[in-house]
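Q: These protein sequence lines are chains S and H, in that order.
According to the working numbering, the first sequence holds residues 1 to 112 in order.
According to the working numbering, the second sequence holds residues 1001 to 1114 in order.
Derived from the structure by calculation, the hints contain no laboratory data.
Source: prediction; values computed, not measured.
Be aware that a few hints might be false.
Only some residues are given here: those of chain H computed to face chain S with a beta carbon under 8 Å [to be verified]:
| no. | residue |
| --- | --- |
| 1 | Lys1041 |
| 2 | Ala1087 |
| 3 | Phe1090 |
| 4 | Glu1102 |
Even glycine gets a Cβ: it sits at the ideal position worked out from N, Cα and C.
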Amino acid sequence: GENVEQHPSTLSVQEGDSAVIKCTYSDSASNYFPWYKQELGKGPQLIIDIRSNVGEKKDQRIAVTLNKTAKHFSLHITETQPEDSAVYFCAASYSSASKIIFGSGTRLSIRP
Amino acid sequence: DTAVSQTPKYLVTQMGNDKSIKCEQNLGHDTMYWYKQDSKKFLKIMFSYNNKELIINETVPNRFSPKSPDKAHLNLHINSLELGDSAVYFCASSQDRLLTYEQYFGPGTRLTVT
Chain S
1 GENVEQHPST LSVQEGDSAV IKCTYSDSAS NYFPWYKQEL GKGPQLIIDI RSNVGEKKDQ
61 RIAVTLNKTA KHFSLHITET QPEDSAVYFC AASYSSASKI IFGSGTRLSI RP
Chain H
1001 DTAVSQTPKY LVTQMGNDKS IKCEQNLGHD TMYWYKQDSK KFLKIMFSYN NKELIINETV
1061 PNRFSPKSPD KAHLNLHINS LELGDSAVYF CASSQDRLLT YEQYFGPGTR LTVT
């Protein structure tokens, strides 16, 4: 079955700097890769996703890249702000899969 | 209006008790899920229902029984609670059963078993 590994588990960056979170997946059939942000005391919320026919996607300060050959995908946050502090999850699935598999999460802290 | 709501938000109970968590979504989605998040924040799917039909049943103890009275509601009943059941339980919904659509999560129910 699918396995998603996520690194690092914790990340601390200075406000204004960039943050990068990396994930790898095992099932070559996976074609959908969402990223969720979980703020303290709340449920995860989708912030960006990418499908396998695209190599990169941007939404303002957030970008995701996908390397299907290497089975890697990454989240890039530029010009980090205090409100970016949260736990971030990557995930992988394909349309006929029985379940979506989440990575283990990255706790991102933004230092003022 | 809250898209996915859960009640209660906090649940503290003793070992051996039976408890239920309720979930409702007003998004008109066909598919609903239950996830368990442990103390290390690991998020794992437990069950999924599509139009009241069970489609995913992970290796969850049969003390956990989901029930979907209609496609807008998915409740979770837990019998004979154990210490290891302590976790945050999230309900989620998505447009349909294809796992390439956004999942909308509820605020979570923090279950503490003493």
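Q: Tell me if phenylalanine 1090 of chain H is really an interface residue toward chain S, meaning its C-beta lies closer than 8 Å to one of theirs.
A: For phenylalanine 1090 of chain H, the interface hint holds, since the closest Cβ of chain S sits about 5 Å away, which is under 8 Å.
Q: Checking hints one by one. Is lysine 1041 of chain H an interface residue toward chain S, by the C-beta closer than 8 Å rule?
A: holds, 5 Å
Q: Can you verify the interface hint for glutamate 1102 of chain H: is its Cβ closer than 8 Å to any Cβ in chain S?
A: holds, 5 Å
Q: Tell me if the interface restraint on alanine 1087 of chain H is satisfied: Cβ within less than 8 Å of some Cβ in chain S.
A: For alanine 1087 of chain H, the interface hint is violated, since the closest Cβ of chain S sits about 14 Å away, which is over 8 Å.
When each numbered hint is compared with the structure, a violation occurs for hint 2 only.
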